[in-house]
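Novice: Chain residues, written in single-letter form:
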Amino acid sequence: MNPVNYLYLAALLFTIGATGVLIRRNAIVVFMCVELMLNACNLAFVVFSRMHGNLDGQIIAFFTMVVAAAEVVVGLAIIVSLFRTRHSASVDDASLMKL
Amino acid sequence: MSFPLLTATAALPALGAVATAAVPAARRTAAKWLALLVSLATLALAVVVLVRFDPDGARYQLTESHAWIKAFGVRYELGVDGIAVALIALTALLIPFIVLAGWHDADPLETGSRRWRPTQGFFALILAVEAMVIISFEATDVFVFYIFFEAMLIPMYFLIGGFGDRAHEHGEEAAATQRSYAAVKFLLYNLVGGLIMLAAVIGLYVVAGNFSLAEIAQARANGTLHMATSTERWLFLGFFFAFAVKAPLWPLHTWLPNAMQESTAPVAVLITAVVDKVGTFAMLRFCLQLFPEASKWATPVILVLAVISIVYGALLAVGQRDIKRLVAYASISHFGFIVLGIFAMTSQGQSGATLYMVNHGISTAALMLVAGFLISRRGSRLIADYGGVQKVAPVLAGTFLIGGLATLSLPGLAPFVSEFLVLVGTFTRYPAIGVVATFGIVLAALYTLVLYQRTMTGPVKPEVSAMPDLRARELVVVAPLIVLLIFLGVYPKPVTDIVNPAVKQTMSDVQKKDPKPEVEAAK
Amino acid sequence: MEKLIALLIAAPLLGAAVLLVGGRRLDRVGHWIGTLLSTASFVIGLVLFAGLLGRNAEHRTLIQHLWTWVPVESFQADVTFRLDQLSMTFVLLITGVGSLIHLYSVGYMAHDERRRRFFGYLNLFLAAMLLLVLADNYLLLYVGWEGVGLASYLLIGFWQHKPSAATAAKKAFLVNRVGDVGLSIAIMLLFTTFGTFAFGPVLDHAGSASEGKLTAIALMLLLAACGKSAQVPLQSWLGDAMEGPTPVSALIHAATMVTAGVYLIVRSAAVFNAAPDAQLVVTVVGAVTLLFGAIVGCAKDDIKKALAGSTMSQIGYMVLAAGLGPVGYVFAIMHLVTHGFFKAGLFLGAGSVMHGMNDEVDMRKYGGLRTYMPVTFVTFGLGYLAIIGFPGLSGFFSKDKIIEAAFAKGGTEGWILGGAALLGAAITAFYMTRVMLMTFFGEERWRSRPTRSPEAPSAEPAAEHQGEHAEPHPHESPKVMTIPMIVLAVGSVFGGAFFSVGDRFLHWLEPVTGHSEGDSPLSAATVTGATMVCLVAGVAIAWAQYGRKPVPAVAPRGSLLTRAARRDLYQDDLNHVVLVRGGEHLTRSLVYVDHTLVDGVVNGTAAGFGGLSGRLRRLQNGFARSYAVSMFGGAALLVAATLLMRAV
Amino acid sequence: MSAQQLAAYTTSTGEAFQFWVLGTVAVVGALSTVFMRKAVHSALSLAGTMIVLAVFYLANGAYFLGIVQIVVYTGAIMMLFLFVVMLVGVTAADSLKETIKGQRWLALLSGLGFGILLFAGIGNASLKEFDGTGQANANGNVEGLASLIFTKYVFAFEITGALLITAAVGAMVLTHRERTERAKTQRELAEQRVREGRHVPPLPAPGVYARHNAVDIAGLLPDGTPSELTVSKTLRERGQIRDVSTEALNDLRALEQRAEERLERTEIRPATFKRTEEASK
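Chains as they are written, first to last, in the numbering used here: chain A, 54 to 152; chain B, 1341 to 1863; chain C, 1266 to 1913; chain D, 300 to 580.
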């Protein structure tokens, strides 16, 4: 089997995650989908590093993880405070961007 | 490197604006006094400029020049000629009166609100406008001028939209909507003009390669910079349009009545007596100097528009039911005279026009501020709501009458001199137009006297029967203006001496000579 | 001695400033200050007069240059005064009559709480009028010209609480403004023609300009004169101007201001002499006005309006004379002076009558007053004799000369003008006799008076606080009022004789205006005889109509002409329909146009953009997810784009 | 070509087998993450997917990442998710019904398009040479990474450190609730109650039966229906009120029965009843 299949898998996961972001209303789930996308990217990077025979891809994946961690922390904090104020975790309720 | 006097004159009110805005909400009176002091200090600086300026010296004096944006050769270039000096003096002179007249206009309706600080904002905005107006009078770099010419709109917008009259026939929220309508209208008109001008400014840069007024005019003069006729005309139109909107010239005038009607009297004075002058001033300084040929080419049309403005404005003033609208249309008529004088291309016309800018500033201030005092007493702008005020408040009525007489340019008061100069200047070259314009003075008498008769004379209306006469503060505002009107009417020489050399320069820019009389009878 | 000239103006100007700015604290002494200062001006005038007499004829022109007023390149206006025989005459007339009327007003306005202000305005008027006659260039004259207009505006509308007064004042100012347009255009023409508008150079070089230009200038000056001197077609304001207090009518609308037009024409003699067509127009205007005023004067029952009509017609005489050129200038001025005396006297008399009659102005409510107010009766009577030109009195000399001069014009014009003048004399005799009879003779119609007649509105506010139906108690006015009347009466009796004996006046004025004896087709005696005949005829008819049979207390319907004359020959209504109504419609439609058309275009475009953006706004529904969709779709498109790029 | 390279771009059948099996698992996990109605389930399935990915990392020679993936991601982050889910309410299941018009179709469409495009992209990208991580990991994967991180990527590393700190602080700030106004005293609360005029008396106590201290049992109104007022707000919102109205009635009925049974006997032995009373003293 050709390792390229990993990339196809990554693409598939990424797409699924993206679609999930779009169709789910629960903020937490949306968040999970974002995580899914990030992981898909990570997979791709890892595979790339294997492809090129150096570790830079892994490094980037590593950084991605770190950033993702940070992002999750903040994001979840936001969700919590959002839930506190409006007793719901639905992203549609936060339609404050409208004038 | 001497002391940058011009920069200081513009910077002082700017800093003052910041300081005033920073005054804590509770200390409203402090903010007022601060604003007043700053404006007076600016006046002092303006006087210094006036003294330091030598009418017979170089064209631009007290010049400052620093590289600013090297990429486009934009230089921070300031310099004043006689016309600019006169107008700077006018601006610096009027602002203290405006501040003083608007003393209570921005007091919050419900006290105790801690966050809301309209008073500070009001006076800060006024000072900001002053700073921008002054610097756009000083700028000799087209780009610098353009920036402040446009930036002026922002504080004006808030002044118009934010601080309307308390007096409104349809209640407060109707007032608010109309106010914002007026403000937006003002902004849109001037922005459109400004955008077109921006295009022209860029075009000018493309053609000339820099923005320096002096350099370009120089290059035009000694032929090193040649513009294709069509290019010059387009650029001229671009500039002129913006100035015509600001001036305002028929048919681009409709923003002025709304703006003046909805804003408080002091702001209305600020609009018509100070800000609009930038438009006419710029015609004189930029249009004629940068595009002499195109100016001459466009003269006939512009003169016709000016005459239309004169008659049209006056006729509409007659038809108004609202005191402030009436004054606004009267101003439109007067701006017609100014433009007429500028484009008559005679030294009488242009000196007259410059003098007219100054006098119109003072006379309108006098009339409008007194009208404002009147309105603030009765709480209505409708002429029909008044009557017999003369019997109740004779001083108010008297000052109002003098302001009105100045508006109809009664000989002996300042506006007469300028108006007659403009008419003579026009007549010597375009008799027909001169005659038509002359009939404007009858209409002026008509709308002024009708206004006076309906508001001040006749049986005393019960609503005005308890009206107090002018208070000390208001007298302090009005009296000096009236004295000035009379003084400049009897002895305008100081102003003309400053203005004439500059006008001679402009005349030489457009290569025009005054027509010679048929018989040389002069001694 | 030149230095004194400025003081002439300064004195009343100071008075005006002090009185108007001074405030209530001057209320008690204000009127005396005003009188004092005007008298001071008169005294200075006398001093200067003596000085002029001291010199020989050709050195009687004094120039005082004060400061440069408006210097712009070739346009040089100076504040310079010129005192020559002509202006001297006016100065004396203005300050003299003015001072008398100040004195009179002290009594007349005694009950008015705004008397101080009144005197302030009077002084202002004096100053402006003096400026008018002393100015050395047309622009400065213009200042005085408008100044008197302002003063007259303020004084006509002195009782501002009466809408009628306010309207009359406005009307007067506006009509005058129309005339002023003429004056300013004339000045512009002068500037373009001569490069200056100072009397000296202009009048010296008048000959060398093209006649077309000169005619234009002259006609414009005439327009100005018509406005100020209430000549047809700009006469309509004078009648309404009677809304002002009677002293004002006497000073401004009889003796001085309304004669400014004549001054202007005589002053610009050189220009007119060089423009014969213009001169003809002037004479025609004069003749027409002379008849017009006289006819109007016959029909009015309001004593002041009747006198106003007569003023109009007398000024018509002067204008006619001035139009006749060098033949007439001197007599125009002479008639102006004498008219100043007797017309002022008549008005003061009328004022005194009204003063005694609860401010009733309707002559039909007078009658038989001679016994009650003898002094008024005598002075008024003398003024009456003077104006109808009774032999020996001042009117006789001046008017007679004018009629002669009119005939002397020669040709058909001469006959027509002379005839008009004669006819005018007859009508003058008629209506003045009418006034006299209705006021001082006949039975006392004011007893058990009915309600006031509608077409005679009360002129004074006093009527309000004195009560409508209080039966008047006719009484003589106080000394302070009668003395000026007496003085003026003396002037109107002897003035003419004094001037004419040995042609004093002629020799006095000749250096300025120039003079030429016209060759009249009729001998002086014939003209005088004809005048006498007309006079007698006029008086006789009036006697027949108002002396023999009693005067009805309510005006009869009267003939067509009478009714027309009552309404100023409908000329006013014409103005109203054409100008006022038309103007109103014009402005209204313009306001509409400005709102819908000029503004509409802009607002339309604005609305268009608004709608468009409103549609675009729908996309921004505020749901983060739908934004995300568009983002994701965008990303997809980007990928597609890159792929395509690599494909091609 | 050398075995090295061969190993690079073809993989051992073991790995292939592992890929196909675990790949399916991963995809299924992803899909269920998206389509599970309850957040908890989504979280769990996502965790599953992540573990699978960790395995793939290991398979791809990224040993360090593989471990980190399991420890940090699955261990820490997903647990964080679960905490939050519990905080927000485990039971709170949101309906998958779409509210925004056309949103779902657009989403699926663009997702599909995007996926296809990606596949196409990968498809026609020439990815043949796989020179595996052999010599990259020659002296240990972790050491390799470390040497890169602390040399080439040191700045990025430091910055991410700063980022983490910031994130931590930010999270605290966001979740920490500052008490803005002073806590109301009893007195003030009472006054407020009176001012508002609702529930001037203290709230009714929950219907507590002796057999357990059940704050979640609503007290009953005279007609036997439970009164919302008697239970605490939190429980009400979580919808965790136990409605015992019926069983209360049943108990009552049972009680009556027993009482009747009693009544047949008690008539003849009042003394004992009394005695028992005394005994109880």
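If you're looking for bench data, these hints aren't it; they were derived computationally from the structure. Glycine included, C-beta positions come from ideal geometry on N, C-alpha and C. Treat each hint with caution, since some may be false.
Result set (DSBU-like, lysine-lysine): computed pairs, CA atoms no more than 35 Å apart in a straight line [to be verified]:
1. B:Lys1731 x B:Lys1801
2. B:Lys1844 x B:Lys1856
3. B:Lys1410 x B:Lys1844
4. B:Lys1844 x C:Lys1744
5. B:Lys1844 x B:Lys1833
6. B:Lys1636 x B:Lys1852
7. B:Lys1853 x C:Lys1268
8. C:Lys1268 x B:Lys1833
9. C:Lys1744 x B:Lys1856
10. B:Lys1833 x B:Lys1856
11. B:Lys1833 x C:Lys1478
12. B:Lys1801 x B:Lys1636
13. B:Lys1844 x B:Lys1636
14. D:Lys451 x D:Lys483
15. D:Lys532 x D:Lys337
16. B:Lys1852 x C:Lys1478
17. B:Lys1856 x B:Lys1636
18. C:Lys1744 x B:Lys1731
19. C:Lys1744 x B:Lys1636
20. D:Lys400 x D:Lys337
21. B:Lys1833 x B:Lys1852
22. B:Lys1636 x B:Lys1833
23. B:Lys1853 x B:Lys1833
24. B:Lys1410 x B:Lys1636
Here are some chain A residues the structure puts well away from chain C; computed CB gaps all over 10 Å [stated by the list, open to error]:
25. Met54
26. Ile76
27. Asn107
28. Ile113
29. Ala122
30. Ala123
31. Arg137
32. Ser141
Novice: Of all the hints numbered above, which does this structure not satisfy? Sort the numbers upward.
Specialist: Hint check: 4, 7, 9, 12, 14, 19, 26 fail, others pass.
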